[in-house]
Amino acid sequence: MSGILTAVVLVVAIGLIVGLVLAVASILMAVPVDEKAVAIEEQLPGANCGACGFSGCSGYAAALSKGEAKLGLCSVGGQAVADAIAPIIGADSVETIPQTAVVHCNGSDDNTSKGMRYQGIESCLAATQLYAGMGDCSYGCIGFGDCMKACEYNAITVCNGVAAVNSNLCRACGACVKACPKGLIRIEPKKPHAVVKCSNCDKGALTRKSCKVGCIGCMKCVKVCENGAVKVENFHAIIDPDKCTGCGKCAEGCPQSIIEMMFV
Amino acid sequence: MSFTNLVGIFLAAILTENYILVKFFGICPFLGVSKKLNTALGMSAAVTFVMVLATAVTWPIYTYLLVPNELDYLQTIVFILVIAGLVQLVEIVMKKYMPPLYNALGIYLPLITTNCAVLGVTMLVLDKGASDASFGYVASLVNAFGAGIGFLVAMIMFAGVRERLENCDIPKSLQGLPITLVAAALVACSFLGFSGIVDKLLV
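Chains as they are written, first to last, in the working numbering: chain U, 1 to 264; chain C, 1 to 203.
Honestly, the hints are just simulated from the structure, not real lab data.
Cβ atoms here follow ideal geometry from the backbone N, Cα and C, with glycine treated the same way.
Some clues are possibly wrong.
Claimed, not checked - In silico BS3-like links for lysine-lysine, alpha-carbon gap of 30 Å or less:
no. : chain 1 : residue 1 : chain 2 : residue 2
1   : U       : Lys36     : C       : Lys36
2   : C       : Lys95     : U       : Lys66
3   : U       : Lys178    : U       : Lys231
What the hints assert, rightly or not - Pulled a few chain C residues facing chain U out of the computed Cβ check, cut under 8 Å:
no. : residue
4   : Leu65
5   : Ile80
6   : Leu81
7   : Ile92
8   : Val93
9   : Asp132
To be verified - Not close to chain C: a few residues of chain U, all C-beta gaps over 10 Å, as computed:
no. : residue
10  : Gly3
11  : Ala80
12  : Ser93
13  : Ile97
14  : Val165
15  : Val222
16  : Asn227
17  : Asp240
18  : Pro255
19  : Phe263
Model the full structure from these sequences, guided by the hints.
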């Protein structure tokens, strides 16, 4: 009987001592918790995607509570989250333009062809390692869907050999931007604007051979644009979505019909 | 206990008695945290720290509290209690004084509470002490430190193996955990080669 008693007493005593030490330690070493940051983090979507530029939702919340970050950086939460956080940090809410990922390539199987037969791992990253992929155009979409696999919201499908973003499902987290080995995907605002559906850096003549809908860098769009939103770099046009007003003149003048008006 | 003996114990704990690859303790963090090299390093550092600290506390408790009262059958319960408390204490102290390390280790720290490698190190060292009277407190601590370094070696080696596995064309039925277990078995086999090497130092 006494054996059991000593056992119980001993274990209880050790438990009490450990508990006491922990209790004292937690009081002595208490770290002040930022209540504001906790409240903000509750409002954030918790996707931890890093689209805001911080390590995760808690990182953004901490920066917001200290006033080091701007409101409305959370593209996943969008306007609703910005409105919810504004009263917590005592600031006026800002208007956020919802954003979406845009694929800058239109090289579907109808428009370009595969110069090589590829039998390796079915991933864009792996295919890129071998002669920049199997397509005729070495800058275009490979079509194995690394972006599709990276997307947590099922917003990307590979359709006829080229990736397409469903902008209604896209939360602009930027996971696909990181996943695309060709750098074809960019995050752009969801407002009426023109998009160049090509990223080919070859000279016009070469581009024409590899793809029916490649940008040849003819500069027509640059001349026709009234806002200076278009520039040609590395033999293909680039449109700054912030400057673009969505007038559509560049799309009308494009001889290759590769400029597409989005969200009009 | 001479210095050579301590070196022998240390090497034995790393190579011939590696707690993961020879004794198969702590397989859960071994498979769970070895995906990337830097997390594997952080986890191993935390485990090593807790192993030494836990041995430092449990050995006196066992020798001076449990054995005199003929309560050595309680070692499992008492050790778990003490290790869990220790890990919590380490966490509190770390949060206060080393926030970067605390953030880096994150969830791994509380996970160590339920790590059987830590419990294994503290308990198996008592069996050694029972069969060899010279295997005292210092030897136990050296053994615990060696066990932690052994954990580190195993984790780093396996993290390297897994990073290479990422880029392999693996048959569908073996993808994920199956191929990881096959790889773990092969790495464990390689550690058989060490058996017998360090034993000479211990004599």
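For each hint, the structure was consulted:
no.: 1; hint: Lys36(U) / Lys36(C); verdict: violated, 33 Å
no.: 2; hint: Lys95(C) / Lys66(U); verdict: holds, 20 Å
no.: 3; hint: Lys178(U) / Lys231(U); verdict: holds, 24 Å
no.: 4; hint: Leu65; verdict: holds, 7 Å
no.: 5; hint: Ile80; verdict: violated, 11 Å
no.: 6; hint: Leu81; verdict: holds, 6 Å
no.: 7; hint: Ile92; verdict: holds, 5 Å
no.: 8; hint: Val93; verdict: holds, 6 Å
no.: 9; hint: Asp132; verdict: violated, 27 Å
no.: 10; hint: Gly3; verdict: violated, 7 Å
no.: 11; hint: Ala80; verdict: holds, 29 Å
no.: 12; hint: Ser93; verdict: holds, 30 Å
no.: 13; hint: Ile97; verdict: holds, 33 Å
no.: 14; hint: Val165; verdict: holds, 27 Å
no.: 15; hint: Val222; verdict: holds, 42 Å
no.: 16; hint: Asn227; verdict: holds, 45 Å
no.: 17; hint: Asp240; verdict: holds, 37 Å
no.: 18; hint: Pro255; verdict: holds, 42 Å
no.: 19; hint: Phe263; verdict: holds, 38 Å
The structure fails to meet hints 1, 5, 9 and 10 from the earlier list, while all remaining hints are met.
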